[in-house]
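Kindly produce the complete structure, drawing on both the sequences and the hints.
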Amino acid sequence: MSVNAAVLAAIAPLMAFFVTLILTRKRPWLSAGISVGAVSISTVCAVFLLFRHWEMTEPVLYTSTWMVSGAISIPLGIMLDPLSLLMLVIVGGICLLVQIYSIGYMEGDPGFSRYFTFMSLFAWAMITMTISPTMLQLYVFWELVGLSSYLLIGFWYEKFSAGQAGKKAFVMTRLGDVAFLIGILLVLVHAGNLNIVEINSLGPSETMSPLIITLAVLLIFGGIIGKSAQFPLLTWLPDAMEGPTPVSALLHSATMVAAGVFLFARLFPFFSLTPTAMALCLAIGTVSMLLASTMAMVSRDIKQVWAYSTISQLGYMIMGLAAGGYVAGVFHLTTHAVFKALLFLCSGVFIHALHTNDMFDIAKSSGRRMKIPVICLIIAGAALAGLPPFSGFFSKELILAKLAALDNPIWLIFALAGVFLTAYYTFRLIFIILFPKPGPSDADSTSIAADEAERHDVKPHPIRQTMATPLIILAAITLVLGFFEDPVERFLSATVTESLSASGMHHGWPAFMALGLSVAGVLLALIEFGLPKSRQIGFAERMPFVYNLFSKRWYIDHVYRYFIDYVIDRGVAKICARNDKKVIDKSIDTFCDGIVESSRFLSFLHAGMIQYRLIVVFATLFFLSLYLLLG
Amino acid sequence: MIVPFSHVMILSGIVFLMGVFCAVARRNLIMILLGLEIMLNAASIAFVGGSLHFHLMEGQVFALFIIAAAAAEVSVGLALFVCVYRRTGSLDPGIGE
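Just so you know, the protein sequences line up as chains F and B, in that order. So for the first sequence, this note's numbering puts the first residue at 383; every next one is plus one. So for the second sequence, this note's numbering puts the first residue at 23; every next one is plus one.
Hints may contain errors.
To be verified - Pulled from the structure, derived: some chain B residues nowhere near chain F, Cβ distances all over 10 Å:
#1 27
#2 42
#3 59
#4 73
#5 89
#6 111
#7 112
Said to hold, decoys possible - Computed beta-carbon distance windows for the label pairs:
#8 B:56 / F:979: 16 to 22 Å
#9 F:979 / B:80: 47 to 53 Å
#10 B:80 / F:983: 27 to 33 Å
#11 F:975 / B:101: 32 to 38 Å
#12 F:976 / B:94: 42 to 48 Å
#13 F:1007 / B:114: 30 to 36 Å
#14 B:56 / F:983: 27 to 33 Å
#15 F:988 / B:88: 28 to 34 Å
#16 B:83 / F:983: 43 to 49 Å
#17 B:101 / F:1007: 41 to 47 Å
Since the hints were made in silico from the structure, they are not lab data. Where a beta carbon is used, it is the ideal one built from N, C-alpha and C, also for glycine.
This is how it looks when you write it as structure tokens:
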């Protein structure tokens, strides 16, 4: 029964993908209906499975052999444990809401049908990835997730930058995936098995020395870095904004980037075997979290702010997991998926109605008149900033408690700094939209913006029902999800051993400190952007050096560009070209020339001189007899 | 057998090589024919020596046949050479080049 439901949840979007791909390209509404219907089936199955297995202690496993190679057998199947069930519900629910929202958002787009085809593919890949019982199956669908996000980021492929952004996302995540694949192979070679349950129950043995385990964990973490846009592969995510906004909502909440953190949680017992690798993961999470927060402080693009905040929240999750907080990381993944989807969908409403991504333009076009998105934006922003009673507060507090339990207080300090910055940039955006005023930097464009504002005042764009409903549902979930902390914790820790899931102290001083800091961040944002007299220039923007550093993304892209230009293009590529020309081409040329020359030399046999033929006959006879004698 | 069999075979080999050299290196059709004869003689020596060594009479029979074949070959060959010389005025094998 459970297996059937899980198979149905995985197969329905695949069916929708094929049907919409082949049969209904010319009928966009039918495509949308099929796609949404399929995801609804998946969601219903997921919720059913969650309730059915709420009290589970043992994971449900169903596998059949896919292929056998020597001693290694690779099964294909389904594994249902608390983590995959929770993830299944998140993925299904968010996909469903985003697809419903997309019906309104994408209406009239020439690629409407194609859009839903890709969405179905995305849903299928992600759902099947969450229930994979083996690393190989997980890897296959991991790559499919990457492919479908490439297709969706570059959805408006007529736009050059969209195509570029899609390629960038694909190539950068591939970079991590190569490491991931090598890590999988390392595990396969040394453990002889790719079963996730068995990998998680591995211990240091003669086949897996601690060094090998550390290496494998670090390589697999490379895949997580790529997928979850952690330092140093974080620059693809802000560029992924080129896709339609609902795609960003999906990408940033439940699917693409969540896959990385999901993998971390999936292999959490295996990762915990090596404190060295965990320390490195912690450091990378921290660095990404801080870098992305600072980038978000100076961005004017509303979607980019949320993209940076995604990176920083993913950094939080990685920090939480790396600090040993399995439940903390997964719970933050859950709450983040909901409120980040909500943030993007709200921004999508503004962008759809006002045709601009710039938050100052949105403010001037009186975006605040749109009641539902503004209220939802504030709710989601408060959750992101970690204000009670919204869901983000509870999950962040869990992570902070885990970090406070560490020996080294530096991680907690960084995390608290991140809390402050998060609150600041979130409410910077909200206050800018709520309290529009002509800023000094936009003096030249004021008149145009005013015209636009007037036009919108005359004819306010009505928000569609299909777009408003998902917002309200998500906002409601954001409001209540935090209070489900204890049940979720109990559910998740059912199959993980007690020592890993003990969640440290509750409601300790880090929580109050975090609350104080986020309130301070909100207040600073209020002073700089919210008050009538404030000039809407942040403290980071007043320092040109810092501003440049932040807005150029710490020059990470420049470093990459420089590296590619000077090391790859002019170094490695040049050597390769030389090798190609001087070694490969030359050897083949020499060989061919040799053949031509020797043929020319031998061609005199053809001229009718009988003695030369005699020589050849004798030589042949000689060598033949030699062969007979020796052979 | 006073002379060892291996010496007979070595002699036969040397004579054969001399015949080969003669047939390959000389630029005269008669000398080429001579080379062929020498090679046939080398074969005869080998046959006779072998016949003595293995106590079989077939070797000597072969030697007689070889002499007969060589005589026929020389008569036909020399007739051809006379014909060639009358037509071209030369006995150089490279004349066609």
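#### Entry: Non-conforming hints, listed in increasing numerical order
The structure breaks hints 2, 8, 10, 11 and 17; every other hint is satisfied.
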